[in-house]
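Keeping their order, the protein sequence lines are chains F and S. The opening position of the first sequence corresponds to residue 51 in the numbering used here, with each subsequent residue numbered one higher. The opening position of the second sequence corresponds to residue 24 in the numbering used here, with each subsequent residue numbered one higher.
It should be emphasised that the hints constitute simulated quantities derived from the structure, not laboratory data. Using N, Cα and C, we set each Cβ at its ideal position, and we do this for glycine too. Misleading hints may appear alongside valid ones.
Derived list of chain F stretches under chain S, where covered just means 3 residues or more per stretch with a C-beta under 8 Å from a C-beta of chain S [claimed, not checked]:
id	region
1	454 to 467
2	471 to 483
Partial list, derived from the structure: chain F residues whose beta carbon lies under 8 Å from chain S [what the hints assert, rightly or not]:
id	residue
3	LYS120
4	PRO295
5	HIS401
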Amino acid sequence: MSQREPAAELGLLDATMIGMGAMIGAGIFVLTGLAAEISGPAAILVFVLNGVVTAFTGLCYAELASSIPKSGGGYAFVREIFDDLPSFVMGWMLWFAYMIAGALYALGFAPNFLEFLHVYGFVPPPGEVGAVTLGVLPVGIPAKVALAFAAVLLLVTVNALSTAASGSIETIFTATKVTILLVFVAFGFLSAGSGGETSFTFQNFDPLFQEGKGAFSILPAMGLTFIAFEGYDLITTVTEEVENPRENIPKAIFFSLAVTVLVYILVVTVAIGTLGAGGLAENGEAGIAVAATSFMPENLPVIKNGGAIIVFGAIFSTITALNAVVIASSRVAFAMGREDQLPTSVGNIHHRYGTPFVAILTSAVVMLMSVGLPTKSAGNMSSLFFLLSFIIVNGAVIKLRRERPDMNRPYEIPYYPIPPLMGILLNLVLTVVLVDYLLRTDPLALVLSVAWILLGVVFYFAYFRETGEEAPGEPTTATTTDQTGPEGAGETTGGND
Amino acid sequence: MPQKRIAIAGGGRVGRRAANLLDDRGHDVVVIEDDPEQVGLLEEEHVATVISGDATRPSILSQVGLDRVDSLAALTDETGTNLAICMTAAHLRPNLRTVMRSEYDVGDEYDGMVDEVVFTEAAGARAAVNLIERDVQTLESVTGDLDILQIEVVEGAPVAGRTLEEVSLPRGSLVVSGADGDHTARSDTRLEVGETYIVAVEPAVANEVVNLFQT
């Protein structure tokens, strides 16, 4: 009988870093270029205002996490007070948000990785890399998609086989990312006044809003980049491993949010100030990396081109953020399995690896299928689903205050009920703007989003008609475990292994 | 294992300890406690959602979400209060399983009113006797923090039908006996569905072990 180490306890620093690690990654490296395309230099405002919008929901998470000791992110809180169907839909949406975020991060990883190879002359510039042809398949797969697919596959395998990739190693990862970004910011500002084509100058911010567009033109960009601000949910998927959670979780939520927004503001200021909004937009997912290559010193020993550090930062950030959401998506599914809202086997840990094996594999299937999506659609969809989930979490705060007034709340939202109401209102505005934007520019993302929700509702009624014959609340686990579908059955009857 | 939701009325020494043990096994616990000082201690441990108030009042009791609770345990230090809580809860939510703590050995006096009665003082006295007269000791008090669990392997559990060699239990856990209870477990001991095994676990990994045995 071999033994494994149990999961380690996380301190305030670790918890803060988990939140930052999830946010700093795709948001800043992948979506800055896309935000600049939509809103020009006002992309800087996009990140500032999103920080404000998300702070209201952050307050709600702090109150909920300090009073409800469960690990399952927003889903666990909603499950606490809402009925079966709304909590199922919430979990279903949050799960999807993480899975699509996984695809987004993988798709952000790929072009940056190609850029990295390009810097060292292994491959032609990213735009010119051809398709990978597989012997078995008659069609060629674009290199970007193949790379993204491989990245997801690698991290899913690692997390399915071992619990070591989670926890305090995240602290080192996040510290590395932030350091690299600060190097980027420092060199960016230093380039001011050097007279080069891409030296930092505030003239790049004038005019702030693109010609012919008003201040409201930044709203779709806010919706698109909202994904870059969801880290506090990830903190609350690990509450049970945090030491002194009553104090550390609200603090970790606020610190991670504050530091992240500050880092974003600095990075976006430098990116626009050097490359200009137009140049940033042209380079899409690799925008920050290209900006860096333009002003970082060259001819350094070993690494040669200083820009390569930033490109490496982009690769590292997207891959660690991918790791974080692989874990997060499986935790949401695992929590749903434990609550009997998904088949019981999803809520089981593996008998040998100690990981939520089925939850990870199920999430992996959706992630792998989603890497075929355009990056922008993946960003739009995951932002949309986080927005929708957060509206429900804000609602859960209000519902709990009304129905459980005497619940002990170690952290109470100041000026209640303004923050949750503002959270609902602002998230709703962004949702409406995003849906409207998708109707015009990205109907595929909208169709897939609606399809996922419908699939969930169909699954819910099919699954609960099959297993939920017993009176609600009656703990007759025997009936539910018997019919948990293909994964649960079959394995136990053999016994010949 | 589909998680159970358990309400505990009374978050004093007994209630708090019970909440910790249930949390270790992966259950979802709600504690009702009136005394701010005790609420503070519960808050620090962060193992249960806490409702602050008098559990005999229906308006407080219903805030645990009675319709989703699997069992309610009234563990305050007053038998009368505990009885009132159990009966109020059963009135609010018929068929709720109730466990009442008693100060005295009440025998079967309350059968029909509550499902189980626990005489915690007797358990405490037994522990004391174990220390006074050290030659013979009952199992439950000899182990410090280590829990000796009797766990049944349920159908569909991750370890069901596998030998100990094939499974990998978390560090801090040890399967002590085989299914027949006559032999110690060995690496080729098979964990059969429906059989019960004695497993020693440290609190930190109890949750994981229970999940592995009970789906």
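Hint by hint, here is what the structure shows:
Only residues whose C-beta sits within less than 8 Å of a C-beta in chain S count toward coverage, and the region 454 to 467 of chain F has 6 of them, enough to reach three; the restraint holds. Counting residues of the region 471 to 483 of chain F whose C-beta sits closer than 8 Å to any C-beta of chain S gives 0, which falls short of three, so the coverage hint is violated. This hint holds: LYS120(F) has a C-beta 7 Å from the nearest C-beta of chain S, less than the 8 Å allowed. A hinted interface residue such as PRO295(F) counts as satisfied when its beta carbon comes closer than 8 Å to some beta carbon of chain S; here the least separation is about 5 Å, so the hint holds.
With 8 Å as the threshold, the beta carbon of HIS401(F) comes within range of chain S, its nearest partner Cβ sitting at about 4 Å, so the hint holds.
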